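Chains as they are written, first to last, in this note's numbering: chain W, 1 to 503; chain A, 1001 to 1100; chain Z, 2001 to 2214; chain X, 3001 to 3484.
It should be emphasised that the hints constitute simulated quantities derived from the structure, not laboratory data. What you are looking at is a predicted structure, and each value in this text was computed from that prediction instead of being measured. Glycine is no exception: its CB is placed at the ideal position from the N, C-alpha and C atoms. Accuracy of the hints is not assured; some may be wrong.
Distance ranges between label pairs, derived from CB positions [unchecked claim]:
| # | chain 1 | residue 1 | chain 2 | residue 2 | range |
| --- | --- | --- | --- | --- | --- |
| 1 | Z | V2098 | A | G1090 | 32 to 42 Å |
| 2 | Z | L2153 | A | G1090 | 31 to 41 Å |
| 3 | X | V3036 | Z | G2158 | 22 to 32 Å |
| 4 | X | A3267 | Z | L2153 | 33 to 43 Å |
| 5 | W | K157 | X | D3054 | 51 to 61 Å |
| 6 | X | D3323 | W | L461 | 29 to 39 Å |
| 7 | X | D3054 | W | L187 | 49 to 59 Å |
| 8 | X | R3448 | W | S364 | 45 to 55 Å |
| 9 | A | H1027 | Z | L2099 | 47 to 57 Å |
| 10 | Z | P2146 | A | P1095 | 26 to 36 Å |
| 11 | X | S3202 | A | P1095 | 45 to 55 Å |
| 12 | X | D3323 | W | D302 | 51 to 61 Å |
Cross-link-like lysine to aspartate or glutamate pairs, in silico, DMTMM-like; alpha carbons within 25 Å at most [to be verified]:
| # | chain 1 | residue 1 | chain 2 | residue 2 |
| --- | --- | --- | --- | --- |
| 13 | W | K157 | X | D3105 |
| 14 | W | K76 | W | E271 |
| 15 | W | K362 | W | E104 |
| 16 | W | K157 | W | E457 |
| 17 | A | K1087 | X | D3105 |
| 18 | X | K3051 | X | D3006 |
If you want the footprint, here are the derived chain X segments under chain A, 3+ residues with CB under 8 Å [claimed, not checked]:
| # | stretch |
| --- | --- |
| 19 | 3178–3189 |
| 20 | 3285–3292 |
| 21 | 3318–3326 |
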Amino acid sequence: MTSNEILPLAVMASSLLPGLIIFTLPESRIRWRTALNLLGALAKLLLVGLLLAGVAAGEEYGFRYAVLPGIDLAFKADALALLFVTLSALLWLFTTLYAIGYLERSPHRSRFFGFFSLCVTATMGIAMAGNLFTFFVFYELLTLTTFPLVVHRGTDKAMQGGTVYLAYTLGGGALLLTGIVWLHSLLGQIEFTHGGVLAALADAPTWQLQAIFLLLIAGVGVKAAIVPLHGWLPQAMVAPAPVSALLHAVAVVKAGAFGIIRIVYEVYGIEFAQSLDLLTPLAVMATVTILWGSFRALFQDDLKRRLAFSTISQISYIVLGVALFGPLGTVGGLVHLVHQGLMKITLFFCAGNFAETLGIHKVSEMDGAGRRMPLTTLAFSIGALGMMGAPLTAGAVSKAWLIDGATAAGMDWAVWVLWTSSLLNAAYFLPILWRAWLRPLPAAFPNERTAARGWRETAWLLLIPPLVTAGAVLAAGMFSDIAWSPLAWAQLIAQREYLQGMP
Amino acid sequence: MSTGLIFAGTGAILFAMGVAGVMLLAHLLRRILAFNLMGSGAFLILIGLAQRAGLVDPVPQAMVLTGIVVSVAATALALALTRRLHKLTGAYTLPATRDD
Amino acid sequence: MKRAAIIIFAALFAFVLIVAMLELSALPSPKVNLPAAVAANMAASGVEHPVTAVLLNFRGYDTLLEIAVLLLVLLVVLAVSPREGKAPAASHEPVLQVLARVAVPVMLLAAVYLLWAGAHRPGGAFQAGAVLGAAAVLLHLAGLLPGWNAPRLFMRAGLAGGFLVFLVVASALLANGALLHFPPEFAGALILLIEAGLTVSLGLILAGLFLFLA
Amino acid sequence: MTEFFDPLAWLILLPLFWASGAFLLGPTRGARLAIVGVAAQLWLAIDLAVKVGDGGTAIRHAVGGWGAPLGIDLIADGLAAAMLLLTHMVALPLLLYARGYFAADASVARYFWPLSGFLLAGLNALFLAADLFNLYVTLEIVGLAAVGLVAAGGNATQIAAGLRYLFATLIGSGMYLLGVALIYGAYGTVSIATLTPLINASAASAVWIAAALMLLGLMLKTALFPFHYWLPPAHGGAPAPVSALLSALVVKASFYLILRLWLGPFAPLTGTIAWLPALLGSAAILWGSWQAIRAVRLKMLVAYSTIAQLGYLFLIFPLLGPDGLALQAGGMQVVAHGLAKAAMFAAAGAMIHVTGRDAVADVAGVASRMPVSLFAFALAGVTLMGLPPSGGFLAKWLLIDAALTQGQWWLVAVIIAGGLLAAIYVFRVLRQAFLVPAQGERRHLSHRAPPLLEWTAFTLAAASVLLGLRGVDLLRLLAVGSGP
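Here chain W stands alone, though its shape is the one from the complex (with noise of 0.2 Å):
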């Protein structure tokens, strides 16, 4: 095997060795536990790294195996694997730390953690997947191991909400299997190329290619949560922060998102997918999803649902960008999975500081929070800003090349509805932010537990990570220009899915 073979399969090593391991280990082996989880996002980092720039510097890493006769398992880590790989490795690392200090003393922290892990490897394996049978694999795998974590604290009505979560995904994973094989048995290959392998199939009756595309963006649809398949998300609130965390922003939304690029780009391949008429539909359906989930965030009372629903919302904006047609709609797209990945879990990470730490677990009961947590009400509005396109974020970033992106492929009526949702989403966070900042201090919140812990404001490793990850926000936003940022990765991928790929 050659380094270029080892490299992603190290990657995906770094958090499934830990994993296993933490698995055997005894609930008080708190130290070892906290030591591998460490151990194995840095290692992760830094494998990452390697592949960044071998990938910039124009190598190829990938590894094959063969499963059945003429399917392997296949992995390539490419520019588009490692934008989602980077998100994730990166994210992971203050998940993890975050859910060390949110679990403190809670039962059963071998198995969360060893899931945990076991989620980052099959969202690792989703974005290294060099072919349908594998992203499946990988696909499936993000379900089963999700389930035990939304249902970790084992009440009633997490219960209620993993069986919910399942039905959801399974359902959507038999559509999507149902596509992959029906599109195997046609083509006899379904490896991810870019621009696509389906253009051999232009012979095909239509109607099973529009089918088969279908079934595919419904089964992926399910995790991205697109109107009406977002039924899930907001019942899955009731898991812990940290998981709600990795469900919005590390591992689960974004490999639906990711699933749609990959059959877009590298399955049918843009231009034949415009040429089936597949792309209006899907940016309807991106349109109608962006306006109903900020619609509904308007009116939710629970913090963390609100924020369920705003996942839904912006999701969408990545699909849309893809449905974009067009290279600027596409980096905007790309550049919008990172930057809702970092703006998202700043606002669930402080979601889960004010719940932890006062209590506060609605809108209503938000007033004089910022006064009590000034850094974390301060990482919450840096991510709400964001969310809302303000100047300097990242959101504003994502949002002006989405905007470029309609106006240059001619659909303004996009262009409106990009601009609605963001008064939509100033509208649901704004009041969040005049209630933390403005109104004055109740007489006592809903469960303050400050002073019996002996905090200042909260646990440090509550507050080092969104901090952080606001920080990210903001850099994502001012230095956008530079070699290295999310947005300059996004355009190189750009460049080789609208260059290369055409003939």
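With chain W's structure known, arrange chains A, Z and X on it following the hints.
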């Protein structure tokens, strides 16, 4: 019609009676007898059909000997279980099934 | 309703089967002629009676497995008939006792004859064993032999011994090229050895199927 | 002429030897003998699989040196070698499991060891047999040994379940035997190799009746819907290691024989009715899953799941084509389900052993007390649901691929629906296991499961999942000697 065929025809009737008996009879001893009828029918067909031309064929005869031993064994097993069931429940019929 | 349906179906089945067999008898004889093949190989079989030759040589493997069936059924009978305490004493039947005292020695003799006769005329281990088993059952019914308790080592050896002899011979013959591949010159002696072992064990097993339950 | 240590012969002789030995020696030494014997058999099975796989042709052993049709042949092709490998991969962990399971109960153990030896001998002989009458004898060994193992527990439910099973298996073999009699009457031979070229579509009606009788009898033994009535009480009522052996292997033996006959001698007769087994198989999937979803007892849930999973095997018949996809799917499903179902019964047995109760509801809280058993159950469930990366997933993939290639859309729908239904009953148990039990119920979780029970179950489950990574090797083995 040769003797062999008469045996085979009788075997067919016995087999059919046996099958009907196993399906219809609730009393376990009767059911075991019906099963033996089935076996005998099959043995008669095996020997009778092979010897329809009147020639002796030792191969099916040996097979039937083997088959008889197997069927003796199966009958003994069925009787032993029936006896045990009777001792435990006092009934010579199978209890009604419950799905759970 | 169900009853009538089953009866009608069974009658129909018998009718169809008979018609099919009549149709078959009108066709020419089958292409494979096994009786001829048996006759042609009788000399190498080690016995003179064709049925015994098929039973213990040509298709001896079937017979090996058939003994396994008997032994395994005996095991199940033992498993489901746990004997609590001592076996009940048999009832006292004077008339039967007289009959049994006369018949059992004759039956033993008949068993030995059947075993020996199997080589060249109808007979053999199973028939001999059946007579032995019947003798034991007769003794029990007459009150001369109590029911059997769970078998001790000696009895277990007797029950499984015949099968083990068969098994050892079968596997030793692998050295001759195949399972149960008798060399023609020793075939007769080996078959007699197997049959003798089987007669004892089959007698015990068949008696046991009755007496372990009694 | 073959060597003395011919795996074909010894795979049959060895279990017969140790079965008799275990009877002679009694349960304690018998258990040791059995485990050593099965370990040796596993080695023989691997040796045989390597020989068949590398050689690329079937291996033949002419018993008695006569050769068919006068004598009886044993033939090991790829399918047979794969079945033998599966049998011993399942049997070795299960016998180790049984040692732990029966440790406290010597009266049942006394006859478990010799009976399991006869069962394995019967299975091995069945997989290797190439003679219709010899197959009848092996079928009876397997059937009677299985009934014995179910009934050996000795309580009224088990005896009744054993009797029900006994009558089903006897009717099945009676029909099979009648078929053999008609075949012998028509062709004068029972050797499969000799018969295959003789049978064609213009065969006499007696041959058609024979084929129908034999296939129906075997379907009854395989518990194909609607002949499944005997399976749940038998598999759900027996001790856990027995349930595992029965569900993983015994029902597969008669399916194997159906496949053999369907592809071999009866191929010219079956072309037009291939949709019938598929239809029954679909009904089995839906009905079995539905019953598993509403089962109250844990082992009943697993038993009904067997009925559903057997249904998948019968979907392949209308899809059998020159591309071999359907046959590969069937072989993969047999192996994957065998390993997974053994694991599931073993894990369920361990849970029942500890909680002392048999209801699905009593599993609550097991997640924290018996993580290994639960993990084994979950991994086995992954295979049954057909989720990646398990062997069950590859089977499902191949099956859908075959169905799509042949344009049988309704089968695709059934396969997908079956997977989702399986998810419902598997997650029903997992959900319950993760639930925090009410305080009063904790007292039932007083003692811990023996590690032997938990880890053997886990090994089997892990094997069923890892099979998904060795699919190519299994399919290469299956391809040997199949097809024209």
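Here is what the structure says about each hint:
| no. | hint | verdict |
| --- | --- | --- |
| 1 | Z:V2098 x A:G1090: 32 to 42 Å | 37 Å, holds |
| 2 | Z:L2153 x A:G1090: 31 to 41 Å | 36 Å, holds |
| 3 | X:V3036 x Z:G2158: 22 to 32 Å | 25 Å, holds |
| 4 | X:A3267 x Z:L2153: 33 to 43 Å | 52 Å, violated |
| 5 | W:K157 x X:D3054: 51 to 61 Å | 57 Å, holds |
| 6 | X:D3323 x W:L461: 29 to 39 Å | 57 Å, violated |
| 7 | X:D3054 x W:L187: 49 to 59 Å | 33 Å, violated |
| 8 | X:R3448 x W:S364: 45 to 55 Å | 48 Å, holds |
| 9 | A:H1027 x Z:L2099: 47 to 57 Å | 32 Å, violated |
| 10 | Z:P2146 x A:P1095: 26 to 36 Å | 33 Å, holds |
| 11 | X:S3202 x A:P1095: 45 to 55 Å | 49 Å, holds |
| 12 | X:D3323 x W:D302: 51 to 61 Å | 54 Å, holds |
| 13 | W:K157 x X:D3105 | 42 Å, violated |
| 14 | W:K76 x W:E271 | 23 Å, holds |
| 15 | W:K362 x W:E104 | 23 Å, holds |
| 16 | W:K157 x W:E457 | 30 Å, violated |
| 17 | A:K1087 x X:D3105 | 22 Å, holds |
| 18 | X:K3051 x X:D3006 | 11 Å, holds |
| 19 | 3178–3189 | holds (count 7) |
| 20 | 3285–3292 | violated (count 1) |
| 21 | 3318–3326 | violated (count 0) |
Of the hints listed earlier, those the structure fails to meet are numbers 4, 6, 7, 9, 13, 16, 20 and 21, in rising order.
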